[in-house]
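Given next are the chains, with one letter for each unit.
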Amino acid sequence: MKISLGPILYFWPRQQVLEFYREVADMPVDVVYLGETVCSKRRELGTDDWLELAGQLRAAGKQPVLSTLSLLEAGSELGVVRRLTANGEYPVEANDLSAVEMVAGTAGFVAGPHFNTYNPATLELLVSLGAIRWVMPLELSRDSLGAMQAERPEGIETEVFAWGRLPLAFSARCFTARAADVPKDQCGFRCMDYPEGLPLATREGEGLFTVNGVQIQSGRTASLVGMIAELEELGVDVVRVSPQPAHTEDVVSLLRQTIDGVLSPAEAAGLAEPFATGGVCNGYWYGNAGMAALS
Amino acid sequence: MELVCPAGSLPALKAAVDNGADAVYMGFRNATNARNFEGLNFDEKGARRGLAHAHAAGARVFTAINTYAAAGRWHEWTDAVDRAVDLGVDALILADPGLIAYAAADHPDMRLHLSVQASATTPEAIEFHRRRFGVRRAVLPRVLSLSQVRRVIAGTDAELEVFGFGSLCVMVEGRCALSSYVTGEAPNTAGVCSPAKAVRWVESARGRESRLGGVLIDLYRPDEPAGYPTLCKGRFAVDGQTYYALEEPTSLNVLDILPELQQAGVAAVKVEGRQRSPAYVAEATRVMRAALDQAAADPEGYVPDPALAARLDRLAEGRTHTLGALQRRWQ
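So the protein lines, in turn, are chains G and H. Numbered per this note's numbering, the first sequence spans residues 1 to 295. Numbered per this note's numbering, the second sequence spans residues 296 to 626.
Any given hint might turn out to be false.
[Stated by the list, open to error] Non-contacting residues of chain H with respect to chain G, defined by C-beta distances greater than 12 Å in every case (computed):
{"no.": "1", "residue": "A365"}
{"no.": "2", "residue": "D377"}
{"no.": "3", "residue": "L382"}
{"no.": "4", "residue": "D385"}
{"no.": "5", "residue": "P392"}
{"no.": "6", "residue": "P403"}
{"no.": "7", "residue": "E454"}
{"no.": "8", "residue": "V477"}
{"no.": "9", "residue": "E504"}
{"no.": "10", "residue": "P520"}
{"no.": "11", "residue": "Y523"}
{"no.": "12", "residue": "A532"}
{"no.": "13", "residue": "G560"}
[Said to hold, decoys possible] Residues from chain H that face chain G, not an exhaustive set, calculated with beta carbons under 10 Å:
{"no.": "14", "residue": "E422"}
{"no.": "15", "residue": "F423"}
{"no.": "16", "residue": "R426"}
{"no.": "17", "residue": "L439"}
{"no.": "18", "residue": "G508"}
{"no.": "19", "residue": "P517"}
{"no.": "20", "residue": "Q589"}
{"no.": "21", "residue": "D593"}
{"no.": "22", "residue": "L603"}
{"no.": "23", "residue": "A605"}
Think of the hints as simulated: they come from the structure by calculation, not from any bench. Backbone N, C-alpha and C define an ideal beta-carbon position, used for all residues, glycine too.
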């Protein structure tokens, strides 16, 4: 089983991003998703920068994948997606229907976690369009995954989001700007002040969500580290780690050791737990509320 | 522009048709439709009676089969498609790419609409389904500004339908898992958002608490009107402030910009609310019918009628309205 690093979902300064990927070059990950998937106003790195990083990571033996913006509204955003899908060098993670339309029939692509691949008929369609991998929607359970894998067509890999804050929803509205009481058009890039998002809690102090610009994430960190053996049994090809400002490397290392049989999944899950900001959750795996922590 | 109204039940369907809807949309009593609420929707007999009533009045009936088909339960969704075709409905409203492919292959003459749950926000996304599967109309998610709506219309040969009145989804439809994160059920999988069975009202010393899946969504003073605990309309604490962190309880209302929508080439305006009562549907339909007729008769001279807006506000969540994302300031 391979390990992937998902796209950085937060807005980090350019230097921090470059430094992060210098470290990634030495991490035991196989696939690295690159690009801005949340907000097109975040331009610390441009398309050329991402392409350059892709080249460096490929030289370091990783498979780079270029990820597209998840919610497209403006014509300029479509232009960026068009450029990514026509790059000719690297596969693209298509995060909405527009990107799939643009990439269909060209180089192999990855259907991202927001493409809504809920059944084998959709998998068949994706394969016919040239998909080489699909990422399971975040809210699907072990049983759904099993049903998908049982009827999975030839030639497409399965990837599961195994660690990180879950990107649960997108909006036209920027909730970080709203929290600062400034208009989205004049946001001043407030989201850069929150390298792992802005916590949203209930009125009794229970951490519920994480505000990340136009994206709402889970408050807890989803962890399927303890399910590595089951994921292998179900024929999952790739497990995804979503980058955080700290301890990404530690989590990747624990996953690697688990896949290599050095650690048991239960041991690794316990060792990973202190790295989970907001505590861990795994309810979706059991067909339960996503925020539940079950065993 | 066509007026498309919600039919969560046979009486609601009749209320919509009798008060001027050009079309109604309905779903079956199961997880195949995105308003899978207790006591709502249609069985076969009800659907036949509804169709007869609508067709006798010259109104069309659309069937929403707009959740995502669960792996291992595929036939529930294909059965719904086959059943709707057999009943003689006028269009299917679908979201799932696999199911759209099925409907196009097995029922090539059936008119297909792309549900708002398909999250298609660009001409390319709509063209994906139009070119491959002959989809004739797309319902736009409530995330685009008016100028963005115009650009989508210019870039596709499909008809466009926009939401005109009703509850406001703050998140792009079809890509929101807030409800399943807290309750285990969400629109994509179960056809419900903030399901009623997960709701609890608790009278405590602090006031009236609304809870969803045990999570405190809001807390009301005794004299404060309380709203249904939808996750995106709760009061939460962010950065030391407690407020409606995502959105206030409010309704979408496009009366102010009907001529602009008409001029942009929007084919249909939709009223949200299959979960609403027949009385609600009747009044919303009457008001929207009057406003649409006014805008069609004299687009240049159209002035939003404050009396009509006030009637919609009486129906509206929070008794207030917004243009939502259609107006950039909201974003």
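Going through the hints against the structure:
1. Once the 12 Å rule is applied to beta carbons, A365 (chain H) is inconsistent with being away from chain G; the minimum gap is 7 Å.
2. Under the 12 Å C-beta cut-off, the non-interface status given to D377 (chain H) relative to chain G holds; the minimum distance is some 15 Å.
3. The Cβ of L382 (chain H) sits about 23 Å from the closest Cβ of chain G, beyond the 12 Å cut-off, so the non-interface label holds.
4. With a least beta-carbon separation of about 24 Å from chain G, D385 (chain H) lies farther than 12 Å from that chain, consistent with its non-interface assignment.
5. Against the 12 Å criterion, P392 (chain H) falls within the reach of chain G, whose nearest CB is about 5 Å from its own CB.
6. The beta carbon of P403 (chain H) is kept farther than 12 Å from every beta carbon of chain G, the shortest such distance being approximately 17 Å.
7. Distance check for E454 (chain H) against chain G: the nearest CB is about 17 Å away, which clears 12 Å, and the non-interface claim stands.
8. Look at V477 (chain H): its CB is around 6 Å from the nearest CB on chain G, not clear of 12 Å, so calling it non-interface is violated.
9. At roughly 9 Å from the closest C-beta of chain G, the C-beta of E504 (chain H) falls inside 12 Å, breaking its exclusion from the interface.
10. Once the 12 Å rule is applied to beta carbons, P520 (chain H) is consistent with being away from chain G; the minimum gap is 17 Å.
11. With 12 Å as the threshold on Cβ separation, the claim that Y523 (chain H) sits away from chain G holds: the shortest Cβ distance comes to roughly 17 Å.
12. For A532 (chain H), the condition that its CB be more than 12 Å from all CB atoms of chain G is violated, with the nearest at approximately 5 Å.
13. Residue-level check passed: G560 (chain H) sits 17 Å from the nearest beta carbon of chain G, beyond 12 Å.
14. The beta carbon of E422 (chain H) comes within 6 Å of a beta carbon in chain G, closer than 10 Å, and the hint placing it at the interface holds.
15. Hint on F423 (chain H) holds. Least Cβ distance to chain G is approximately 4 Å, under the 10 Å limit.
16. A least Cβ separation of about 8 Å between R426 (chain H) and chain G falls short of the 10 Å threshold, and the interface hint therefore holds.
17. The beta carbon of L439 (chain H) comes within 6 Å of a beta carbon in chain G, closer than 10 Å, and the hint placing it at the interface holds.
18. Given hint, G508 (chain H) at the interface with chain G, holds; its Cβ is 6 Å from that chain's nearest Cβ, closer than 10 Å.
19. Hint status for P517 (chain H) relative to chain G: violated, with the closest Cβ pair at about 17 Å, above 10 Å.
20. The beta carbon of Q589 (chain H) comes no nearer than 29 Å to any beta carbon in chain G, farther than 10 Å, and the hint placing it at the interface is violated.
21. A cut of 10 Å between beta carbons decides the hint on D593 (chain H): the least distance to chain G is about 31 Å, and the hint is violated.
22. Annotation: L603 (chain H) was flagged as interfacial toward chain G, and the flag is violated, the nearest CB pair being 26 Å apart, outside 10 Å.
23. At about 26 Å, the closest approach between the beta carbon of A605 (chain H) and any beta carbon in chain G exceeds 10 Å, and the interface hint on this residue is violated.
Of the hints listed earlier, those the structure fails to meet are numbers 1, 5, 8, 9, 12, 19, 20, 21, 22 and 23, in rising order.
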